[in-house]
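S.K.: Going down the list, the sequences are from chains Z and W.
UniProt numbering puts the first residue of the first sequence at 1, with every later residue one more than the last.
UniProt numbering puts the first residue of the second sequence at 1, with every later residue one more than the last.
Hint data in this document are derived by calculation from the structure and do not stem from the laboratory.
Because the structure is a prediction, the values reported are computed rather than measured.
Some hints could be false.
[Stated by the list, open to error] Some chain Z residues near chain W, calculated using beta-carbon distances under 7 Å: (1) A21; (2) S147; (3) L211; (4) G212; (5) T218; (6) D257.
Even glycine gets a Cβ: it sits at the ideal position worked out from N, Cα and C.
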Amino acid sequence: MRLAIFMGLMLLIGLSLGIGAADLGGDADTGLVVAVSRVPRTAAALLAGAGLALSGAVVQLAVQNRLVEPGLTGTPEAAMLGLLAITLILPGASIMAKMAAASVAAMAGMAVFLLLARHVPRQDPMLLPLVGLIYGGVFGMGGILGSTATWFAWNADLMQYLGVWQTGEFSGVLRGRYELLWLIAGLAGVLYIFADRITLLGMGEDHATSLGLNARQTMLVALCIVAATIAAVVVTVGSMPFVGLVVPNIVSRWRGDNLRANLPLIALAGGGLLLAADILGRVIRWPYEIPASTIVAVAGAGLFLWLIHAAPRPAGSR
Amino acid sequence: MIHLEDLCIERDGRSVLRGLQARIPRTGLTALIGPNGAGKSTLLHAMAGLLPPAQGRVMVGDTDIAAARPQHRAHLAALLTQSPMIVPRLTVSDLVGFGRWPHHRGRPDPHDRDLVQAALTEFDLQELAGRSIDSLSGGQRQRAYVAMAYAQATPWMLLDEPLSALDPRYARDIMDRLWSLSRPGPDARGVVIVLHDLGMAARYADWVLSLRDGLLVSSGPRAEVMTSRDLSDLFDTSLAVEECRGHPVVVAV
Numbered sequence: 001m002r003l004a005i006f007m008g009l010m011l012l013i014g015l016s017l018g019i020g021a022a023d024l025g026g027d028a029d030t031g032l033v034v035a036v037s038r039v040p041r042t043a044a045a046l047l048a049g050a051g052l053a054l055s056g057a058v059v060q061l062a063v064q065n066r067l068v069e070p071g072l073t074g075t076p077e078a079a080m081l082g083l084l085a086i087t088l089i090l091p092g093a094s095i096m097a098k099m100a101a102a103s104v105a106a107m108a109g110m111a112v113f114l115l116l117a118r119h120v121p122r123q124d125p126m127l128l129p130l131v132g133l134i135y136g137g138v139f140g141m142g143g144i145l146g147s148t149a150t151w152f153a154w155n156a157d158l159m160q161y162l163g164v165w166q167t168g169e170f171s172g173v174l175r176g177r178y179e180l181l182w183l184i185a186g187l188a189g190v191l192y193i194f195a196d197r198i199t200l201l202g203m204g205e206d207h208a209t210s211l212g213l214n215a216r217q218t219m220l221v222a223l224c225i226v227a228a229t230i231a232a233v234v235v236t237v238g239s240m241p242f243v244g245l246v247v248p249n250i251v252s253r254w255r256g257d258n259l260r261a262n263l264p265l266i267a268l269a270g271g272g273l274l275l276a277a278d279i280l281g282r283v284i285r286w287p288y289e290i291p292a293s294t295i296v297a298v299a300g301a302g303l304f305l306w307l308i309h310a311a312p313r314p315a316g317s318r
Numbered sequence: 001m002i003h004l005e006d007l008c009i010e011r012d013g014r015s016v017l018r019g020l021q022a023r024i025p026r027t028g029l030t031a032l033i034g035p036n037g038a039g040k041s042t043l044l045h046a047m048a049g050l051l052p053p054a055q056g057r058v059m060v061g062d063t064d065i066a067a068a069r070p071q072h073r074a075h076l077a078a079l080l081t082q083s084p085m086i087v088p089r090l091t092v093s094d095l096v097g098f099g100r101w102p103h104h105r106g107r108p109d110p111h112d113r114d115l116v117q118a119a120l121t122e123f124d125l126q127e128l129a130g131r132s133i134d135s136l137s138g139g140q141r142q143r144a145y146v147a148m149a150y151a152q153a154t155p156w157m158l159l160d161e162p163l164s165a166l167d168p169r170y171a172r173d174i175m176d177r178l179w180s181l182s183r184p185g186p187d188a189r190g191v192v193i194v195l196h197d198l199g200m201a202a203r204y205a206d207w208v209l210s211l212r213d214g215l216l217v218s219s220g221p222r223a224e225v226m227t228s229r230d231l232s233d234l235f236d237t238s239l240a241v242e243e244c245r246g247h248p249v250v251v252a253v
């Protein structure tokens with residue numbers, strides 16, 4: 001099985017390096033195209049997908065709800081608000097300053113969601129995603145934070161920026177413009193250290209605390225990891241729906257919820273899914289491109305329906 | 001010994017437990033009984049140190065449990081909360097293994113693995129060790145959670161309604177094991193258990209605390225607390241404690 005996953009991923013990477021608008025082996029300087037565009041693009045899709053999938057797993061354990069993902073917690077919308085704010089205040093801000101603003105805003109946005117989640121009754125697992133939808137919005141539509149961002153951008157004449165952040169895609173990824181995503185690899189390392197604690201959090205705050213876990217502190221670590229990951233993704237390639245929802249659910253069904261044991265698999269599957277979506281987006285209307293976020297949205301919507309249909313019933317109702 | 005010293009707990013500004021004064025013996029099985037909303041679960045959580053008292057304190061041995069660090073608390077008392085809404089997809093051995101977490105903090109050594117094996121054996125879970133707990137029956141799952149609390153190797157085990165929705169056979173099975181664990185000895189556990197089933201309380205408890213509306217009604221050896229008159233008053237309905245084949249039973253009359 002492991003070999004199959006590894007081979008599949010290698011195949012995707014090979015395809016990703018070989019496919020694109022510029023014809024390798026033609027007039028273009030093959031080495032240059034690969035080094036400046038294709039390798040960064042492939043790495044960006046893998047890193048963003050891994051980060052989104054891991055964030056999804058963390059959020060689902062932290063709020064004990066499998067139907068939630070970072071995109072349904074207002075985190076990307078909050079990151080966009082942070083980006084809008086810094087673009088207005090410091091028009092020429094460096095990418096690190098933008099990243100910092102987006103991260104801080106994402107943390108605040110997710111913290112509010114976590115506070116909301118404490119007051120949402122747990123009996124019906126569909127309730128929390130709905131709250132997230134109203135709070136954050138999805139696909140730049142609706143939602144308190146999403147609408148605020150739109151209103152803000154409209155008034156400041158920054159709608160174009162907002163559109164770029166809302167529609168995640170990789171065609172703009174070039175060497176020198178995506179390296180921030182490597183932060184995700186570091187965050188995954190931190191996550192590995194905290195994985196057991198976050199799994200414990202998934203057993204409920206009381207139970208986790210009785211096992212000697214500092215639940216508040218663990219929640220804060222989880223929040224920082226997710227917010228920084230989402231901010232990095234939004235800043236560099238734009239937000240991507242569904243990866244954080246679908247991948248952890250499929251892995252959980254197959255391999256369970258032990259985060260430490262499954263972390264590599266979640267990361268690889270997330271990276272693979274997003275890379276596959278990007279490759280598909282490159283070939284469907286060749287030589288034009290369809291954003292990877294559109295592809296995952298279409299595929300993800302189908303998978304989401306399947307997940308709702310097959311959602312586990314609450315323990316008491318059997 | 002657990003001492004409740006003038007314990008008052010508030011939740012959301014409402015007084016839930018008022019002036020509890022009682023002691024719980026170090027070995028033996030102690031049942032918390034009382035009508036719905038009496039504050040039994042709250043008391044159990046307070047004994048685990050999860051609810052800081054508005055007044056008074058809970059002394060577990062010579063530790064003020066609410067003031068202790070979480071890590072220290074986890075070495076004194078294992079708490080089993082009521083079954084969660086979402087069951088995590090962990091294997092039985094992973095779940096029981098997390099019972100050792102307070103001891104190894106993420107780095108289990110062979111000793112931890114031995115104790116997990118011992119807990120699996122003690123609760124007859126060896127054959128289910130590789131199964132995911134969300135695929136188990138209610139009785140098996142509850143047994144896995146109790147085994148997890150046992151693996152924590154604390155002097156005290158605090159269990160909130162571990163028998164809810166269990167078939168009589170599984171309920172008895174769990175109570176038999178808990179009863180044996182609480183017999184005096186070098187590895188004796190003080191077992192404190194919230195019970196709705198008065199029959200189980202009458203059959204297994206050595207010591208009983210009865211609560212109503214946040215007040216302690218009585219506490220003491222089972223035979224003294226669980227009398228026909230006291231139970232009838234406590235639950236506001238006519239109950240009788242009778243003897244059946246040498247065992248006390250509670251019947252509605």
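S.K.: Hints first: check each against the structure and report whether it holds.
M.R.: Verification of the hints:
At its closest, the beta carbon of A21 of chain Z sits 43 Å from a beta carbon of chain W; the interface hint therefore is violated under the 7 Å criterion. Using the Cβ-Cβ criterion of 7 Å, the hint placing S147 of chain Z at the interface with chain W is not satisfied: the shortest such distance is roughly 31 Å. With its C-beta approaching chain W no nearer than about 5 Å, L211 of chain Z sits inside the 7 Å limit, and its interface hint holds. With a cut of 7 Å, the hint placing G212 of chain Z at the interface with chain W holds, because the nearest CB-to-CB distance is about 3 Å.
Annotation: interface hint on T218 of chain Z violated; nearest CB of chain W at approximately 11 Å, more than 7 Å. The criterion of a C-beta within 7 Å of any C-beta in chain W is met by D257 of chain Z, whose closest approach is roughly 4 Å, and the hint holds.
In this structure, the earlier hints numbered 1, 2 and 5 are contradicted, and the remaining ones agree with it.
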